[in-house]
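**Student:** One letter stands for each residue in the lines below.
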Amino acid sequence: MTRVSNGAPSVALPGALIEADGLGMRYGTGRLALDGANLSVAAGELLVILGHNGCGKSTLLKCIAGLLRPTAGRVLVAGRDITSLSGRSLSEARMAMAMVFQQARLVGRRSVLANVQCGTLGRHRTVASAVGVLPRTEQPLAMACLEEVGLADFAAQRAGTLSGGQAQRASIARALAQRPAALLADEPVASLDPEASEEVMRLLRRISAEDGLGVICVLHQPALARRYADRILGMRQGRVMFDAAPAGIADDRMQALYEGVANDGAMHAGVVHTGAVQASAAQGGMAYGGQVTHGVTT
Amino acid sequence: MSTTVKDRVLRDRATRGTLFATGRWGGSAWGFLGLLVFLIVLAQATLVVQARPQDLITGAHGMADILRRAMPPDFSKLPDELWPALETVDIAFFGTTAAVLLAVPLAILSAHNTTPARPLYAAARSLIALCRAVPDLVWALLFVTAVGLGPFPGALAVSVHSIGMLGRLFAEVIEDMDMGPVEALTTTGANRLQVFSHAVVPSVLPSLLGIALYRLDENIRSSLVLGFVGAGGLGFELLTAMNLFQYRTVSLLLLLTFAIVILTERMSAALRRHIA
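Listed in order, the protein sequences are those of chains A and B.
By our numbering, the letter at position 298 of the first sequence is numbered 298, and the numbering carries on one by one without gaps.
By our numbering, the letter at position 195 of the second sequence is numbered 1195, and the numbering carries on one by one without gaps.
All clues stand as given, with none of them false.
Computed far set for chain B versus chain A, every beta-carbon distance over 12 Å:
# : residue
1 : Leu1127
2 : Arg1266
3 : Ala1269
These stretches of chain B come out as covered by chain A in the derived footprint (C-beta under 8 Å, 3 or more residues):
# : region
4 : 1180–1190
5 : 1194–1202
Calculated from the model, a selection of chain A residues having no Cβ within reach of chain B, i.e. all distances over 10 Å:
# : residue
6 : Arg74
7 : Gly87
8 : Pro194
Because the hints were derived from the structure by calculation, they are not lab data.
This one's a predicted model, so the numbers in the text were calculated from it and none came from an experiment.
Glycine is no exception: its CB is placed at the ideal position from the N, C-alpha and C atoms.
Please take these sequences and the hints and turn them into a complete structure.
**Tutor:** Written out as structure tokens, the structure reads:
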């Protein structure tokens, strides 16, 4: 098995928006969740992180988002080291990155527009905003964000009435209203049906390509990753196994991410992966003109 | 064959398991024992409360007599009773409002997902438990002694007991709240107050309002009783009329009570439906 970027110093791209350099994370229990992980995302790039459950994908994302402080290495956002920041300067640095989660996490009783406007709160420290009044000046921006995700017609509706896919798109609109430089998505399609998943992935792709945001997206579906990612970063047991464009990753290397990992999450992945890899081979074959080797069908 | 013996043992165990643990009544033997215990407890309760159904029959004459003397209600007294009726409603209204204002901060302190510190959590929990454990009638007796006769001790009693009831229910609503929006807003860079007012408040407000309205409804009924210990309102009038054997006034007061209770019940139910 070949290790591509593990341990090697990261290549500092001139346009790198986010860079993680030798990130290590050892939890209080002694478990090593991240082991020298490197990562870089440029503006306008969509990076997908793949790996088995518990491989450190989410830990990596949280370290980048500034929600967890890594025990080794550093994270640079637009060239600035955020791992050494704390308090006010850390929360300011965090605001350059918006997060999207597996669940949309909207306030169901408020309108879709109000939920999106909540994304702008970080820029407004007024007394009115502290007692529940939304900044009115941000309404046009919130509306534009809703238009971007295709939900302008739902603006006045209660967020609780949206379908799963619509709610996830509304949460992306809320993230956009934050006016971030990067979007970090933690399994954004894990609880959506295939059609809604495609829609969300298309949206993320458009946000990176057209709005020039750096997008990092943790996924469980190799097939989706192949079709939408500019680059795929494969993780296994806290280490980065590969970091390459989808066309350059053979199916057996993708499959190797999920093989023989001794935890129940990996067992789950093991049950799923044969089908998923077959599907990815088929879909990847279509999307990339048959460049993918069909070597791993069982 | 050893396997068949083993199978039979396993089957026996399984049958016993359903008999004693998983049956609808927890197995017939346990069910019988439970019934027996219930009957014994019921028998002692019957003895202790000195239940004598025959007294109901011999007392029927006396009740008929009271009913006859209470009819028709003395409507000429109605203008005099309007003020006490307003007092009763206002004791409940004032008491509930004050209780809501005090219960909300206590509930925030005593919900494990919003409490700022462990000692505050424990203190708020104990205070709420104390308010709830003492019945409002007892609070009224205490406050009448402290601030004298009238509606104010009644309002205080309603308020203190309601803090106990509302504090616990509010805390439960806050604890059951979906924390997703809270975390999402925190990551957008909103500060603690903004997260509270934009994510916590809109999520829990309808439930809190519904609970508060239901409490108002309960408090109107309890403020009627509080008058009996001198805390103003219709209850006090009722006690006076009873002591003076003015049964036609008593029936008027009962009608008035009935009207107020039904009216507020309907109104609070309609409002709660509107909020939900």
